[in-house]
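**Q** So the chains spell out like this:
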Amino acid sequence: MDEKIYGWWLPPDVSVHGAKIDQLMSVLHWFMALLFVGWGIFFVYCLIKFRARPGHAALYAPVKAVATKYIEGFVVVIEVFLLFGLSTPVWLAYKNDVPDQAKAVHVRVVGEQFAWNFHYPGKDGKFGKADASLISGDNPLGVDPEDPPGKDDIVTVNQFHVPVGKPVVVEVSSKDVIHSFNIPVLRVKQDTIPGQQIPIWFQATKPGHFELACAQLCGLGHYRMRADVLIDTPEDFAKWQAENAPPPPEAPAAAAPEEKK
Amino acid sequence: MSVEHHSHGNGHGHSQEGHGHHELSFWRKYVFSVDHKVIGIQYGVTALVFLFFGFTLMMLMRWQLAYPGQPLPVIGKLLGETAMPGGVMAPEFYNQLGAMHGTIMVFLGVVPLAVGGFGNFVVPLQIGAPDMAFPRLNMASYWVFLPGCILMILSFLAPGGAAQSGWTSYPPLSDIAPTGQTLWLLSMVLIITSSLLGSINFIVTIVQLRAKGLSYWRLPFFVHAQLVTAFLLLLAFPPLEAASLLQLMDRVAGTSFFLPSGLVISGEQLKVAGGGNPLLWQHLFWFLAHPEVYVLILPAMGIVAEVIANNTRKPIWGYRLLVYSVVFLGFMSFVVWAHHMFMTGMGTTMSTFFQTTTMIISIPSVVILTCFIMSLYGGNIRFTAPMLFATAFLPMFAIGGLTGLPLGLTASDIYLHDTFYVIGHFHYVVAPGTLFALFAGVYYWYPKATGKRMNEALGKVHFWLSFVCMQFIFMPMFFQGMAGLSRRLYDPTVYAHGRGVQALNVVISLGAWGLGLSQIPFIVNFFMSLKSGVRVAENPWNATTLEWAAPSPPGHGNFLTEPVVYREPYEYSVPGKATDYSPQFQAEG
Amino acid sequence: MSETAIPWMVKPHPVTGIPNGKFGIWLFLASEVMLFGALFSSYVLIRTAAPHWPPGTDQLSSEILNVPLGTFNTAVLITSSITMVLAWASCKMGNLSRFKMWMGATVLLAVVFLVVKYFEYADKFHHDHFPSHDNFFAIYFVLTGLHGLHIVGGIIVNTYLLTAGSKMWNTDPEHFTNRVENAGLYWHFVDLVWIFLFPSLYLL
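Going down the list, the protein sequences come from chains A, B and C. For the first sequence, my numbering assigns the number 1 to the initial residue and increments by one for each residue that follows. For the second sequence, my numbering assigns the number 1001 to the initial residue and increments by one for each residue that follows. For the third sequence, my numbering assigns the number 2001 to the initial residue and increments by one for each residue that follows.
Be aware that a few hints might be false.
[To be verified] Derived EDC-like pairs: lysine to aspartate or glutamate, alpha-carbon spacing no greater than 20 Å straight-line:
hint: 1; chain 1: A; residue 1: Lys123; chain 2: A; residue 2: Asp97
hint: 2; chain 1: C; residue 1: Lys2100; chain 2: C; residue 2: Glu2174
hint: 3; chain 1: A; residue 1: Lys206; chain 2: A; residue 2: Glu72
hint: 4; chain 1: B; residue 1: Lys1271; chain 2: A; residue 2: Glu171
hint: 5; chain 1: A; residue 1: Lys64; chain 2: A; residue 2: Asp97
hint: 6; chain 1: A; residue 1: Lys20; chain 2: A; residue 2: Glu3
hint: 7; chain 1: A; residue 1: Lys129; chain 2: A; residue 2: Asp97
hint: 8; chain 1: B; residue 1: Lys1271; chain 2: C; residue 2: Asp2128
hint: 9; chain 1: A; residue 1: Lys64; chain 2: B; residue 2: Glu1571
hint: 10; chain 1: A; residue 1: Lys49; chain 2: B; residue 2: Glu1268
hint: 11; chain 1: A; residue 1: Lys166; chain 2: A; residue 2: Asp97
hint: 12; chain 1: C; residue 1: Lys2011; chain 2: B; residue 2: Glu1571
hint: 13; chain 1: A; residue 1: Lys129; chain 2: A; residue 2: Asp147
hint: 14; chain 1: A; residue 1: Lys95; chain 2: A; residue 2: Asp152
Calculated from the structure, these hints are not laboratory results.
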């Protein structure tokens, strides 16, 4: 994993919708800087020009400030633009434009204290049923070994493989408390609420090895609730899937083995 | 600390019947007093103690953040093997410090000082009243508050430690947390009750007990701010009280208000009925907690207005605009709460609504800040200690407010939610914002409360040291947030993006410890001036508002003669007058 | 005891038209509306999110909860509001003994209400229906329990006015009458909350 890409500002963006978010950030911070510098200059000017000194007196009559009305108006106009011109379209796309079921890679992500479980549906594209009563050390999601669609499912812990260039639809949930599925380089974040499956999507633009960091206080292990995010080339992703698929049905064992890559 | 209550003059006030003056016992005079000034000082001193205590918790946390996993010299051993095994902070202790720092600063520190302290002491004086409308209720509200505080602190001794689910106490985490969380909830019930009693008192007092001639448009802005604040406290706190009750039931009676079905904790299925929703807590909590942040800022804006008018020697610019803005702000504060919940899976309709209201609420804040900056124009500015703090408030509040914009817009909030950017944002508003305004208030009204002035030189040292340290603490946090660093992390170096900004953690921690040391001149000044400060008369600042008509300190009933108000609150530098201030209470002369 | 005399403690303020205490109690009631409102909203959210209500049983709310007893209690509280008004009216008409009779009736009716609630709760507990049983019982016990605590608070205040507090009649009857009126406003509010609670928990 390349440490050098992490500095004091936004990390590289490797997602399809990230550019618009980064653009909004940029516009916002220029706007904020403009306002602050503008106010600041006037502020410092007043502090110097109107400091108390012998022979100097204050002006009782209120200064007619036409400029302030224009500044307020300008601020309102910019905020409307930021809201409806920049933020809302990005947000609506992020929330509503969930890619077509057939073309996307589906993953179910279940957070728990203090690990990330990733459930892939395998070659049949269907998720096996899961039951809380089946949860055990090597079956963290309680995938039912008897359920046919579940026989080719892959479950990994703290290893999130996704192919580059393909949309990925993730349904996030939690076993216990609220966590938050957060991958900074992909510009995605979604709270994982127990009892709910919340879909989000993204599409990676560059392969690489990145990190997922839980972003909602979830207990004493919150700080170490880290997962490896491996954005694979299509070939590498296929290879990973094949290597991690559970053995064919003659083997009695049900739980999917995980290989740390 | 004892406050000398010399009754300069008999302080009969303007009571109609001459009541007999029997001497009160020490307990009735200084402890169980119904006098708003004593109660104000009780709140103020209690709050200052808790501000320092809450800050100490953070100074401990900053060691772990700057040097993760390193034993803390000397202090580490003192805190015991559970909290600091081998002198190294345990993650659960870190989480306790975090939750308690936030809770204590907000509920035991800033609000009690701003409202309980300054509100109680100054408001009746500024409106020319002999006391609050319900003096005994006032006393009751302090004596419900203090046990709440003590219970909160004692919760550190509970098995498993104090509350450790953030000051936000989100379930299910808070539902399954150790006993300290139950104590947190019980303390909050007491503190909320105290606040409700107080807010009733403020509203009735301000509406009913104003002196002759003191119409609403002649009220000092500080009083307007406290009136709006009181309404926020009155109406916004009960839902949190309700939520606390529900969480108590979940924890103690086994209900599932916030627990959905099928929870598996550490491999075991949780044996509860289920059917609850963790988001219900969030809605109820933030319904209070958003107005709460305006409770944190409004009294501060009030203080800044008073100090700026007094030290620029001219009326506040845009007084009416300020009043309209602060009232509008109060209303809007009730309809923005879910901007804290954008990442919970909220639908687009709801999130668009809350984004819009959040953008709208930024407008009155911008207006208020602009009015204050405009107030400097054309002034004759004296840079006294209170004025330094009040002036610095302006750019600090600007930074805090402006950095709220990326957080209030959902698209940028995707990235910035729950990062250090948020921490930088709200701390700029509350720390070099509100806290500076509160310091300004202390320096400004200390002479009124004690009859002595604080030392100016020490005040200036306190200001400059604090101002510089604040920047070193909170400015780097924006960079940490932009780098994607999550908040509430015991060890940020687990993550590559955390390691990338770890150097800043050392800077921030040094700044925090520096800020701690910077309070020494203030503490020394506070106590030293009580003993040997320069004595002052009623109006050492040559100010115009009513509190400066009373003796310093005022006696029972506050005023020697019934105050009458003849003019607007900030008539400084009126052309043609002999002095550069025309007090409200001075008849034409 | 207050050292300083506060204006408008007894006489109505010339602009607002009410004395301080009455203003105070209205503000308190506003906060109570927010408190019970938050709980009612929680009830609505929990109930609408549940697949069926009451959860975990085929019975209706009106079959689980005792509607006849609830109806009786509603009548009891409404009557107690009437006796409360009569108590205040007696004060206005200068009749202390009448006041005591009507206030006594109010307190008695409030106690009857609590006794009925005791039997209701005891029956539920007997059948192992504690708040933890499911969210129906959870919200039922919280709403009626908090309401019950408010009844207790009212009983305490009204009993005080009936006994030690009534001494004020001798020195300042107008002030005393105001206190009775304020207590009455609180009592009507507690009654009103029940009038919302009863249909929404028992009947719907």
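**Q** Each hint needs a verdict: does it hold in this structure or not?
**A** Against the structure, the hints come out as follows:
Simply put, Lys123 of chain A and Asp97 of chain A have alpha-carbon atoms about 25 Å apart, too far for the 20 Å limit, and the pair is violated. Of the supplied pair hints, the one linking Lys2100 of chain C and Glu2174 of chain C holds, its CA atoms being roughly 16 Å apart against a limit of 20 Å. For a cut-off of 20 Å, the pair hint linking Lys206 of chain A to Glu72 of chain A is broken: about 42 Å separates their Cα positions. At most 20 Å may separate the alpha-carbon atoms for a hinted pair to count; Lys1271 of chain B and Glu171 of chain A exceed this at roughly 26 Å.
With a C-alpha separation of about 50 Å, the suggested pair Lys64 of chain A and Asp97 of chain A falls outside the 20 Å cut-off, and the hint is violated. Simply put, Lys20 of chain A and Glu3 of chain A have alpha-carbon atoms about 25 Å apart, too far for the 20 Å limit, and the pair is violated. For a cut-off of 20 Å, the pair hint linking Lys129 of chain A to Asp97 of chain A is broken: about 27 Å separates their Cα positions. For the hint pairing Lys1271 of chain B with Asp2128 of chain C, the CA-to-CA distance comes to about 16 Å; that is within 20 Å, so the pair holds.
Only pairs whose Cα atoms come within 20 Å are accepted, and Lys64 of chain A paired with Glu1571 of chain B is accepted, the gap being roughly 18 Å. Our distance criterion of 20 Å between C-alpha atoms is broken by Lys49 of chain A and Glu1268 of chain B, whose separation comes to about 70 Å. In summary, the hint linking Lys166 of chain A to Asp97 of chain A is supported, as the alpha carbons are separated by about 14 Å, within the 20 Å threshold. Restraint check: the Cα-Cα separation between Lys2011 of chain C and Glu1571 of chain B comes to about 34 Å, which exceeds 20 Å; the hinted pair is violated.
For the given pair, Lys129 of chain A sits about 6 Å from Asp147 of chain A by alpha-carbon distance, which is consistent with the 20 Å threshold. Straight-line distance between C-alpha atoms of Lys95 of chain A and Asp152 of chain A comes to about 30 Å, which puts the hinted pair past the 20 Å bound.
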